[in-house]
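Asks: So the chains spell out like this:
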Amino acid sequence: MSHATPRPGTFLVVDDSALHHQMYRLIFAKGPLAGSTVYHAMNGREGYALLAAHPELTLVLLDLNMPQMNGLELLTRRQAEGLHPHVPVVLVTTESTPEDEARGRAAGAWDYLRKPFQPSDVERLVARLQAERAPAA
Amino acid sequence: MPRSANLPAAAGAPSMFEFADQVAAGDAAAAAPAPVRQLHLITFRLDGEEFGLPVETVREVIRVGDITRVPQAPPHIRGVTNLRGRILPVVEIRTRLGLAPLVPRSTARIIVAEVRGRVLGLLVDSVAQVQKLPADRLVPAPDEIKSAHTTYLTGVIHLNDRLIILLDLALALDLPGASPS
Amino acid sequence: MSDDHAFAELIRDYIAECLPLAEAVSDAFLRLERRWRDGDTHADDATGLKGTLHTLKGNSAMMGLAPMQLVAHLLEDLSARVLADPAARNETTAALLVEGSSLLVDLVQSAADPAAHAGAADEYAARVRLHLGATLGATAAPLRLERRNSERRDAGADARGTIRVDFRRLDTMLEIFGEAMIERSALLEVHRRLAARYGNGSEIADLDRVVSSLGATMKQLETALMQTRLLPIATVFGRFGRAVRDLARDEQKQVRLVTEGDETLLDKTILDRLGEPLVHLLSNAIVHGVEPEAERVAAGKPAEATVWLRATALADRVEITVTDDGRGLDCERILAKAQALGLDVPSTDSDAVHALIFVPGFSTADRVSHVAGRGVGLEAAAAAIHALGGGIEVGSERGRGTTFALSLPLTLAIVRSLIVEVDRERYAVPLSHVAETVRLEAGTLHEINRRGVAMWRGSAIHVADGGQLLGTGATRTAPRNYFVVLFAGPRRRGVLVDRLVGHQDVVVKGLDPTLGRPAVVSGATILGDGRVACILDAAGIVALREVA
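Protein chains in written order, with the working numbering: chain L, 1 to 137; chain C, 1 to 181; chain B, 1 to 548.
Chain L on its own, in the form it takes in the complex (with noise of 0.2 Å):
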């Protein structure tokens, strides 16, 4: 099944892991994505306040488990306060059940991408994003 080209786009990412936001910087410098812009953040507070100061981001890609403020938290504390909830946001996670998906959705969450990730799932991800977001033809 093909899958329709992503667009380069905002991106943040918000990871505790340098790891992955070096492979994040990959994923968004070359291929389709080649050109967006990315921010970075390292835990969830520098990630709320990354959200706040972009209302153009096209996504955020969110880790879940991270220390002081996890995943869920950023997006229950952005649903309460409002801020910017046209921007969408992906849960990253390692395993999830149902509950915890269900749960992640309540909050706000936009979908769910599982680790380990390929580039391709992320690509996908982007392109079935402004598929859905784009403006009738």
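Just so you know, the hints here were simulated from the structure itself, not pulled from any lab data. The beta carbon of each residue, even a glycine, is placed where N, CA and C say it ideally should be. Careful: at least some of the hints might be erroneous.
[To be verified] Taking CB as the label site, the calculated pair distances span: (1) C:Gln-131 x L:Arg-128: 54 to 64 Å; (2) B:Glu-175 x L:Thr-37: 44 to 54 Å; (3) B:Asp-122 x L:Thr-37: 38 to 48 Å; (4) B:Val-211 x C:Glu-114: 31 to 41 Å; (5) L:Arg-133 x B:Ser-213: 54 to 64 Å.
The hints should help you fit chains C and B onto chain L, whose structure is shown.
Replies: Chains C and B in isolation, oriented as in the chain L frame:
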């Protein structure tokens, strides 16, 4: 490169490694140089002879300042000098080619060259100019110039009445420091 | 980008992130094994490790590193079993946890080399599955691990507001600082000339104040810069738990390692080179120092021996001691061996005799162990410590134990040096290796067998002429004025020089490989006047056999 045969991957989708390889390969392909039709050289003099070095190997040319001798350094090393805080080895290319050491005059210069990842200074009598020379004028070194040093004299170019001897710096510096016959 | 550039970058990040995690897990399981052996079988540690193992598994999976992913997964399974089932908290499980976590450390460390440890993960997996299958009859439902918001990393680095910096950037900063030091010296020189020409006008006084203030600020900057390069010695100590355990097992002895002062800070350049000599000393303690169990018990000692590894920070150096409660050094055997080898024995007091064990070729061991060798380790350890500009001494009490005391400078990067002049050439001599500088009086020097000798503090030391030693090529006209007594360990040698120019903090730069590997020079630096000066290698000089 490790490949994870056990891990499921989306059909045809590259793993993170393969992706990284592709990124690297793409960069390399984009950077492949077009064929060279002109030799871009910097020429310098040693004992009246004119030599040429590819300009890509040369970072800069500086005047000769204080050169500190390094005890027990290999014989063709004149010493080290301070290049904006970097300690630069200075090679006495003359002795390397079998000539007497340089008595520095005001025209002497140090050519700062990068060869095989190393940055070195070459002490020369004078530096002439940077010029582009047609590659098809390059001929193998004639017998008069050939000696023990043939391997790193990669050829000569006749230009009007000038004879420019091309030097392969990497080879020249890797030769053991034997004195020529 | 070169072919392997992207791959190498990722692997570097992977190792940088996962190696500390894997080591933390390994340490935790070692502690857990010891506690279980002591009879305390609660398993709370395993809870804290779940998150770390999870991260290790996830990161390895992202990178497609199947062996690491597999081992982390197995450790998770074992941990889950241990949490759920008290009956599983036994020696076999503990050994599997220790082995697996240690394998994981090895795998992560060699992540760039897929051929390393090939098959080890699968082999370990087979044994774990067997064990898990054997201790549980029926297949149990897999434990669902509650994910909490608790610290996922034992290191907690991000919580403290630390950032990760490539150490090369710190080296660059230090180089730039070095250039600033040179500029400041040049400024001082110009100031001096201005003051000489224009006397003490008010502008000169202002300049004076500014230059002083600049000096103070730069001193502060230097301190701050050096601080960034400091790492806790725990990064080195942490690796030894497993080494001690394995070595003890090989020797069929029970040994436990106690560390103190783990938070002591050392410059990374020294830490990187400290591991090897410490391993030699620990091996020596376990192989030669600690007696076999039966002998210990007969002597009224506990069957399990203890080795202490302690670090203490002092104002200008760090002291590290390696102590064992073993049999201590046997002076008689050492003396006998020394005499058999024809070695010089300066005196028979115990300190001097003990120091003989560092002499090359010396060993009272009757057998070779694969790590401790024939006492080559002690000589190598001493050489490594001296190369770092430090010192090593040994103290011992027969029947009670032995202590090795290491003294290390705080950094290798900036070294306080004596600048000397020989035949108009200037050299820097690290003060840590200068015992004394002596003005040469008539009659101090003698020649014995065509080698210069001088009496210094009651002993005869060999003296070399600086010009000949350094090959200046000048013909001697007047006698030299000073001799500088260099030392490295117990050895001393005098070097004749013309002038003592002064003391200076020099930023050490390594020798470019093009310059070969001179025995007498260990590096170079740029002096205040912008000229390059070679830094003399004291250890190299005192070790030279023949100086014409």
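Asks: Compare the structure with each hint and give your call.
Replies: How the hints compare with the structure:
1. C:Gln-131 x L:Arg-128: 54 to 64 Å: Since Gln-131 of chain C and Arg-128 of chain L have Cβ atoms about 58 Å apart, the given range 54 to 64 Å holds.
2. B:Glu-175 x L:Thr-37: 44 to 54 Å: With Cβ atoms ~33 Å apart, the hint is violated.
3. B:Asp-122 x L:Thr-37: 38 to 48 Å: Since the Cβ atoms of Asp-122 of chain B and Thr-37 of chain L sit about 44 Å apart, the hinted range of 38 to 48 Å holds.
4. B:Val-211 x C:Glu-114: 31 to 41 Å: holds, 38 Å
5. L:Arg-133 x B:Ser-213: 54 to 64 Å: holds, 60 Å
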